Amino acid sequence: MDTFDGYRRPDGRIGVRNIVAVVPLSVAVSAVATQIAGEGPERAHATPHQLSADAPDATLEQTRRILEGVATNPNVAGAVLVELGTERVDGEGIADAVAAAGRPVERLSVRECGGTAAAVETGVELVDDLAAETADARRESADVSELVLAVECGGSDATSGLAANPSVGNACDRLVDAGGTATFSETPEFIGAEHILAERCADSEVREKLLAYVDRREAAAELMGADLRGAQPSPGNQEGGLTTIEEKSLGAISKGGTTPIQDIVPYGSELPVGGGLVLMDTPGYDIESVTGKVAGGAQIAIFTTGRGSTTGNPIAPVIKVCGNPQTWDRMASNMDVNASTVVAGDDLEAVGERIYETVLETANGRPTAAEVRGLREFAINELQPNELGYFDGDGIGDGEEVSRS
Amino acid sequence: MTESGAGAETEPEAGTRRAAIELDGTDTVVTVLEDAEAGDVVGDDGALELTESVPFGHKVALVDHEPGDEIRKYGEVIGVATESIEPGEWVHTHNCDSARGKAEGRR
Amino acid sequence: MSETETERTSEHRSRSESGTESEHAVREVMNESGRRGIRDHVLILPSVVCSHTVAERIADAVEGCVATPHDNGCGQIGRDNDLTERTLIAMGAHPNVAGAVVVGLGCEHVQSDAVADALEDRGVPVRELSIQGVGGTEACVERGIEAAEALRAGETVLDGEPGGDSDSDGAVETGTDGNPDIDTAIGLADLTVGIVSTDLEDPTVETADPLVGGFADRVLTAGGRVVVAGTERVSAHPEAARERIDADLDDLLAAARSGPARAPRVRRRAGERSFEATTRAWGDASVDELLEYGESPRADTGLALVDSSSRFEEAATVLVAAGAQLVVHVTGDGIPTGHPIAPVVKVSATASTLEAVGADIDVDARTASVDDLAAYVRSVANGTPCRADVHGVTSFAIERAGPSM
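Residue numbers (this note's numbering), protein chains in the order written: chain U, 86 to 490; chain B, 1101 to 1207; chain G, 145 to 549.
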C-alpha cells in the first residue's frame, strides 16, 4: 500500500502543506491581504482576487463557496479572513466552516481596525500567531487513497494529447486503483469528446449531468454571439498544432485516465475522498479551473503543458508536466516532469509511474518548480450578469446541479 | 489508440524522412513529430510526400478532402474541411474548421 | 525559437540643448488629446493572468514602475475579450504612463505582441517579452528589468511637480535648475477627472456627491474634462437619463435588462431615489457622450459617461481608460483601494466611515468646500501622493462582459 507523510487535521482530512491562508472577502481588501501575507512568515499565502463586495446573489454564492473551500482545504493550517466590513458575502459563515473543519480562524475587518495601515499591522500579528500555533504540526503517515489529485492542462499543443495528458492519465489510473480521487474539469474542453466521456459515466444520471454541463458551456458562444474559436483553441494552442476545440478536447480528456467517471460536481463544490475519477464543471480558463478544484479539496494539482505554462497556486502545490521536447529544452527550470520522451517513443507506463511517484514526493513535501519560484496565481470564476440572465432557472451559480434543457 | 505510421525513433535524415504518428486507422491526417519541409516524406513506406512545410505537432492530410468532408484524428471527427485538401498538405485553421461552439446554432 | 523581446523604440527621447527644454519635456508627456500626465510611471503590463507575477516582480525591482496585475487575458470571446484588450492598450497609452513593458506568457489569447504593436502605433515607448519566448520565469524577470530600466533611462523628467518626488533614480536630467516653473504647474484645465460614487447611501447623496458635483462643475468651467461612471442611474431612470445624456442609450439599457445588475445594491438604491439625487456627483452639466470601455472622449466633450457599473475597482479602470489622470471616489463604505496608474482621491461624508477608516479617506465632505477639494486635487495632480498610494493598497480589475470559456 502506498503512503505519504502529511498533516492530519482535526476534521480527519490530510494536508500536504501547512499553509496559513490570508483570504480577502472582496477586491477592496485584496491588496491588504497581499501585504499581510508578504510581511508574514513564508507559510502565509494570500489568495487575492478581483470579486466585488456587491454582486448578484448567485455570483456571491459561488464566491462564498470558493472562499470557504479554499480556507478549508486540507493544506490550510489556519486562516485569516480579511474584509472591509461592508461585504455582502457571508464572512461569518465562512469563518464557521473553517472552525468546523478544526482549523484556527481569525476575522480581520479593516473598518474595525481603523484603516488599512492598522489592519496590515494587526493582520501580520494574527498571521504570526496562527503560524506559531500551527508550527508544531508534524507529518504523519497517510494512505495514498486520501489524496484528491486535481488534473489540469494549460498552454496545450499537439504534444499534450500525445504525451503529457496520456502519461498523467496513467498516473491517475494508478491513484484511482489505489483508492484515491482524481479529478479533471475544463468543461469547454469536453466539447467534441463528450460522447467518449458519456460512455465512461458510471450511470445514466451522471451521463445526463455531464452532457447538460457541456451544453451549457457550449451555449455561452451563442450568448456572446461569437464563436468559441475566439478563445478555444487559444493562439498558442493553434501555433502548437491544435486546429479545433474538438481536437483539443480529444487530447485533453486523456489526462484523467481510463477509469469510470463516478460523478461530475459544480464549480468549487466538495470533491469526495476515495471517490475514484470525479469531474468538475469549470471553465477552460486554467487559473480559475485550478482554483475550483483546490476549493473542492484537492491537495495537489498536476498541470500538463506543451507551450510552457508556469503558474502555481497559493494553496496546493502544482506539478508541471511538459509534453513538448522543445519546450522542455527551453523552460526546464519551470517544469517538474519531462513527459516529452513519449513523443520519441518512451513507454507511457514508465512515464506514468514517474509522474505518480512525483505526486507522492510532492505530497511528502518536496517543493515543485512553481513553489520554489513563489508562483501562486489565483483567480475565481465570476458568474457574469448576462450569463445569469441567459441561463436563468438552470440552477447556475447556486451549487445545484444543472438539468438538461 | 493505436500507433502506426513512422516510428518516432527514426533519425531525421537530411530533411527527407520525418517521424509522424497516425493515432487511429480511420484517421485522415497524421501528426508530424518534427519540423518538416516540402518534399519531405512521412509514413512507414515513405509514401506520403509533403507539398508544403509543416511545423512540429501539426497535421498532414493522408487522403483527399473535399469542402465539408470530415477530418479525423484519434479515430474521431476533429472538424470539417473548408476547402479541398490533397494528401501531403498541411491541415490547420486555414482549411479546417470546428463544427462546434458556434455563435449561431449548435450541431 | 526566435528572439521575442522586441526593441520597440529605436531612439529614446532626446534631450534638447536649447533653452526651450521645459516646453519639450511638457509636450512629451501629452497624449493624443493634448492632456498632460500627472505621474510618470513606466507601466509593466501583463497581457494575461499567467504573467502577472513576473510583471509585479519587474515593477518591484525598478523604481518608478507600476504593474497592473489582472485576472483576464485568456478564455474570453467576443466583446468580453475586446474589452480586455482595449483596456490594456488604453492603460499603456495613458498620459500618466511614460513607457510600457508588455509581458505575456506566450500562448494566451490577448497576445503581448499585439498589445505592444498597438501601443507602438500610438507612439508609446514600449518593449515586449513573453515567458515562453525568453525561456522561463527568471529569464523573463531579468529581461523585463533590463527593459524597464532602459525605458526609465530614456525618459525625461516630468516638469512641474512642485514638492513632488520627481527625482527618481534613473531619470535623466532635463537641464533645468530643478525649480518648479509656475507656468508648467498642472491646473484643473489640464485634467480629465474621473468621478465615481459607489454606494448611494444618505450621507453620500446628501453631502459628498454634491461636493464632488460642485467640483466637477469647477473643472468644466476651468476648461478641464470630467468622465463619470455608474450606469445603474441610467437603467433605473431611462427617461430622465435621456433628457440629460446626449447619446444613444439603447444598447446600455438592453444590456441592463439581460441579467441582474452588476452592482445590485447600488441599482436598488438608484431605483429608490430620483435620477437627480443619484447623479449629484456628476455636477450640473449635460452629458455630451457615452463612452465604451477604452474609448477616449471627443475633443469637444466636457462631461462624458463611461459604460461601467459602480463597482469601484472596475469603474476606476474604465475612467482611467477614458483618459482620466486622476479619479475622485465618493465612498460611504470607505473602500480604500487605489489604482496603479491614476491617483485616487477618496471622499466620504459618512460619519461611521470617517471614524473607522479616516486614515484612508482624503477628504471629509462634511467640512470640505469645493475650494478645498479643488486645492487638494491640484496638489495631488502636482505630485502629492493620495492616501491609497501612501498605504500601497492599489488593486486593478477589468470588468468582464461575459463568462470565461
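Quick caveat, the hints were computed from the structure, so don't treat them as lab data. Owing to the predicted nature of the structure, the values given are computational and were not obtained by experimental measurement. Any given hint might turn out to be false.
Stated by the list, open to error - Below 16 Å or equal to it, Euclidean Cα-Cα: the simulated EDC-like pairs (lysine to aspartate or glutamate) are:
id: 1; chain 1: B; residue 1: 1202; chain 2: U; residue 2: 210
id: 2; chain 1: B; residue 1: 1202; chain 2: U; residue 2: 307
id: 3; chain 1: B; residue 1: 1202; chain 2: U; residue 2: 300
Exercise for the section: Would you mind confirming whether the straight-line C-alpha gap from residue 1202 of chain B to residue 300 of chain U stays at or under 16 Å? Expected result: 12 Å, holds
Exercise for the section: Take a quick look at whether residue 1202 of chain B and residue 210 of chain U sit within 16 Å of each other, Cα to Cα. Expected result: Distance of about 53 Å is beyond 16 Å: violated.
Practice task
Assess, step by step, whether the Cα of residue 1202 of chain B is no farther than 16 Å from the Cα of residue 307 of chain U, and give holds or violated.
Solution key: 7 Å, holds
Against the hints set out earlier in the document, a violation occurs for number 1 only.
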